[in-house]
Amino acid sequence: MYNVAVDVGGTFTDVLVFDEESGSLTEGKVLSTPDDPSRGVVEGMEAVCEKVGIGFTDLHLLFHGTTVVTNMILTNTGSRVGLLATKGHEQVLLLARAWTPGPLYGWMALQKPDPPADPTDTIGISERIGPDGSILTELDEEGVREAVAKLVDRGVESLAIGFLNSYVNPAHERRARDIVREAYPDLSVSISADIGQEYGEYERTLTTVVNTAVQPRTMLYMRNFESSMREKNFGGRLSIVRSDGGAMSTQAVSERPIQIALSGPSGGVTGSAYLAREMGVPDILTFDMGGTSTDVSLCRDGETPVRRDIQLGYFQFKSPAVDVHSVGAGGGSIAFLSASGALQVGPASAGADPGPAAYGKGGEAPTVTDANVVLHRIPPGVALGGTLALDEEAARKAVETVAEPLGMGVEEAAEAILAVVNENMHAALRVVSVERGHDPREFGLVAFGGAGPMHANALGRLIRSRSVIVPPTPGVMSAFGFLSSDIQNEFPETYLRTAEETPAADLKATVEGLVSQADEWLDGEGVAGENKRFDLYADCRYYMQNIQIPCRFELDELKGDDSAFLRGRFEEAHRQRYNFDLPDSPLEIATIRVVGRGTIRGVSLVESEDRISEDGSGSVLREDRVYFGGEWLDTPIHYRGKLRPGDNVDGPAVVVQDDTTTVIEPGYRGTVDRFGNILIEEDRES
Amino acid sequence: MTTQKQALPDFVREHDIDHVTLDIIENALKNIRHEMDRVLVTTAVSPVIREQADEFPLIADRKGRMIVGQFGSPVDTVLENSPYTVGELKDGDVIATNDPYMMEGSTSHLPDILLVRPIFHSDERIGYALQWGNLMDVGGSTAGSIPIDARSIFEEGVRMPPVKLYNAGKLNEEVLRFFCHNSRTPRETRADVMAIAAGTAAGAQRVKDICDRFGKDTYLEACDALLNRTRTSIISLIRQLIPEDQTFEFEDYTDDDGLGNGPIKLKLAMWREGDTLHLDWAGSDDQVPGPVNFLLNKEMFQMFAGVFLISAVDPTILFNDGYADIIEVNIPDGSILRPKEPAPLSNRLVVMARLFDVLGAVYAKAIGFNVSGSYGTSPNFVYSGVKDGGEPFQTMEILYGGIPAIPGKDGLDGHSWWPEFLAVPAEYMETYYPMIVDEYSARRDSCGAGEFRGGCGIKKVYRFLSDGSITYQDDRAHTFPYGVAGGKPGASSRKTLIRKDGEEIELPSKVRDVPVYVGDRLVFETAGAGGVGDPLERDPEAVAKDVRWGLVSPEAAASDHGVVVADGKVDADATASKRGELRSSRGELPGFDHGDLPALEEQRRVIAETRRRFNEWLSGELGAARTNSGG
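First to last, the protein sequences are chains P and D. Under this note's numbering, read the first sequence as residues 1 to 686, first letter to last. Under this note's numbering, read the second sequence as residues 1 to 631, first letter to last.
Since the hints were derived computationally from the structure, they do not count as laboratory data. Check before you lean on any hint, since a few could be wrong.
Label pairs and their calculated CB-CB ranges [claimed, not checked]:
(1) D:Pro554 x P:Arg552: 56 to 64 Å
(2) P:Asp35 x D:His34: 37 to 45 Å
(3) P:Ala509 x D:His34: 35 to 43 Å
(4) P:Arg300 x D:Lys30: 55 to 63 Å
If you're wondering where the values come from, they're calculated on a predicted model, not measured in any experiment. Ideal Cβ positions, reconstructed from N, Cα and C, are used throughout, including at glycine.
Next comes chain P alone, as it looks inside the complex:
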């Protein structure tokens, strides 16, 4: 049997097929078809199936990552949402959190988008739940009926309900939803208590509204996708990849489309974490450098890191997502000089159109890709993405525009551009490592994305990582990650009780309730009992702090008159990150979370036999001149497809493959390991 992963991005749709028998991976890339993404998916799958020599009927598991929700949010093209809010709080989305950016006078620069539910389509309902869940004002049921009639009459296509304190007691939201469903059975309705179980009316309402806005088109997309798969006689299991790296059915997506808002970027991290576990290097930094931005993350013990919120443009939503830190630094980032003469790179990007000057599509601004072309880090004659020929002269001309005012030669300026952009990405890696109390020297750096392997050696050198790991398929790492996903969902509940005053039995009752919810959900996803797993977390903080540090525990630890056993776990993490603790402060359990997982094995790595190490000369295509550290050096250009496990590649060297090039700097050595990864480490012999 075969498993397949499909990652639909803005430009390309990546397909990766795994052969369960031989363990081999086959990749393919086709252009995305934004008007109807499933067309690109089918084309891509057909192309790769043909390559492998199989049909859709041979496919067992299908994992699909999609930007359909992301794009709808970023372009505000979801459906028109009506909002029922607590009377007196109708402008919750307009007032937001009153945030304006720094520094002083930063508000001058803030371009704030309109609320995702137009205030015109927002109606206040007389009702009120207190902070303890008590009912302060009964729900005005007639008011709900009238409001919905008015909104439907105005043309809203779906409805969100966000009442204050509903996370403690959802009775009013549920009742209002039932009233709406009675009157308008076809109107899609979300309530905020289902979307977020944490305090913070703005974030919860925003998340609910956006979930509602993207719901109708997401459901349509899922239906179309399923039917196009059925037409092709695909009879296996279809899973959609979530922002937190898990997977779930299209049915589950239709209820919570917001949970797949960062579907794509999660794959690279879960894939790297999986790879790292298999390689026995469980602590890694991931480095995913694309055209406009770079995503980095830190995985410990082979676990994918998850955060509680996601940022898309101006908006921040409450939804679990892989904890990646993004910076506006990528191949398309533009270099310029500020008024004070400082060389800066990004966050402005040339994007895909016109793209870097080297693309020859009319771009004139110097980009990071242009700098790489000037320095031959992308060797002349190599086509980007296998198809796009590069215009070296145009790249030189673009870089000249900053070289001249800096009084530098073109190569020197190109190296300066790389140094500055590398520094921005280095800072991002520090945010997820050093700033959180981790020593990068204990971590491997897994590099992928179109531009990642080109900059990986430099970043590994800057952050002083243990080694740099360039996986065999760095261009389709997300798809690889999808194949390693578990069926997964999380069930949180706001707790807000201090550990010292919470009898373990109380905590246990809450946890068991959440476990049974998770269990039921996994049943619905068709996961068999022996494949189920439940991870339990208490997200803790010192009383009233703004953080939540996840503390993992097991059910059998819950005994005794309190839950103070969590304190040690919390304080260890707090000390590591912030270097102090507060012995007098009570420990507050902010949230209890149960993550339910169902293991479905989509991929397993096959190790090759150990092999006598060789010098890798068999893979050399030719020699070229590549610029390193102020001079042109004779540099062999290797072809990745011909590198074999055990081969050594001494820097300076450039390894080319279809979708990326890997740069090995002078003084470094690349070694191909048993899984086909290139490991780059300082060459201690030279």
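Given chain P, put chain D in place with the hints provided.
Just chain D now, kept in the frame of chain P:
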């Protein structure tokens, strides 16, 4: 006025550092500042820091000059006023202080604490990491330590002269215990001080990392080069933008000092002489008996003046103390901006906020970049008392209002003028404190009309669930946020206390320890902001949208903007005729519109009378108070 040209600063010279290394170090330093922010905001516990981010980090060079930050460096002042000499400082020392007079205004009231940590690398002092934070309570005569009727600083809380909070890495437990003991919120105060210290530690460690990486000497050279680079850019901005031989002046008023004195004038004049920009506060009112005196630190004001230019022209310029010698500031002794010890200072925010309005207006005149008047201050609101179970509680919340309009852009409604501050969620306040937020909305018709309208203020209605008392400090109740270039002023602020039995009491803009009881409500309305440009030129569709969104009433749309809106849509014909009618009946549009205010003498009388009547009412209330849970 004559200017004595001083010698050029030592960093003005050729620098032995390559361009790329310098750019990299500049980036790294900017990142350090953000990291210091993150550490503090995530680990602090009081809502002002944790939910509202009222804190500011800074990295200074070995001579104490700010390399990155926002407020200008007070390192010299801290050391001069401490028993410590530079030479005796050790790795792991942290100096803490909250005394504004000793700090010459670097901290400008007692709730602001400043921590200074020298940074060492290979046994040499290479700089300082500093962080300010707003503590919830430092004692004094009222909860939150901003007694709006204080007559001297001794009523405003505990004063801590520069002391070593850490000595070579060892926490000075005794001094911290003493300090926190004077606070009504000792646990929060302690946690916040620890969090601020952790922020400076993060900053110091990162500067050491840079030295490890590039070498200490390279780092020190980079600091000088960065100061020089910023100085050069600011000189060029000033030369480009500000015409020579012309003086630009503006004055505006703060309502009152909390004791019945007001309005209080702030007057600023600006002119350029070669590469030097002069800013002169002569003509501002004298210091006042009440606590709105704002001890303005010269270095800090130099920084503000440069930051405005940078934000308006090129936000990528790093701001630092490099331009300190080219901005000449005069602040008359004994004025509202340079009061003499022991004048009370706690409520200085209202004057500080007006200072930014005045600075913006002077720049508007000088560079033609029109910024309207803002909501005036970011009022603190404190509600304190004892819960049913006997546990004392004390809230502290900062509220926001209308953001000014600028050319091409409406002001934001109910947003923070201060960078990176946040509104506190109602669900947070209700969870931890005995109150219900009945309403939180944008205040209709509080925005100043204009081609670009000002932001609306907010209306927040609190319902109290425990007996207690309330204290707040607002402004712009007697004056209006001005409009510019034909724009109209925004609405002034208003507070109404509604007793459980329905009795309504209009409260002044500043009160302390007003007793409240279960079931009482406070209606807190902040000011809007002024508009920019002729309201009759505003896009009628934008006006209709404001009406649909409930920000502007149909009546105000017609009378202020000449736009007739029916059923949420523009009536084009009626609008054309309404606008024609308004155009023909109005006079010339003023450059600045301060609103319909009575003569100054009359304003003074009204302000004094308002306070007198309120005091009378309050003493009646206190006499009849059913509990004494205030302060």
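Results for each hint:
no. : hint                            : result
1   : D:Pro554 x P:Arg552: 56 to 64 Å : holds, 58 Å
2   : P:Asp35 x D:His34: 37 to 45 Å   : holds, 40 Å
3   : P:Ala509 x D:His34: 35 to 43 Å  : holds, 42 Å
4   : P:Arg300 x D:Lys30: 55 to 63 Å  : violated, 28 Å
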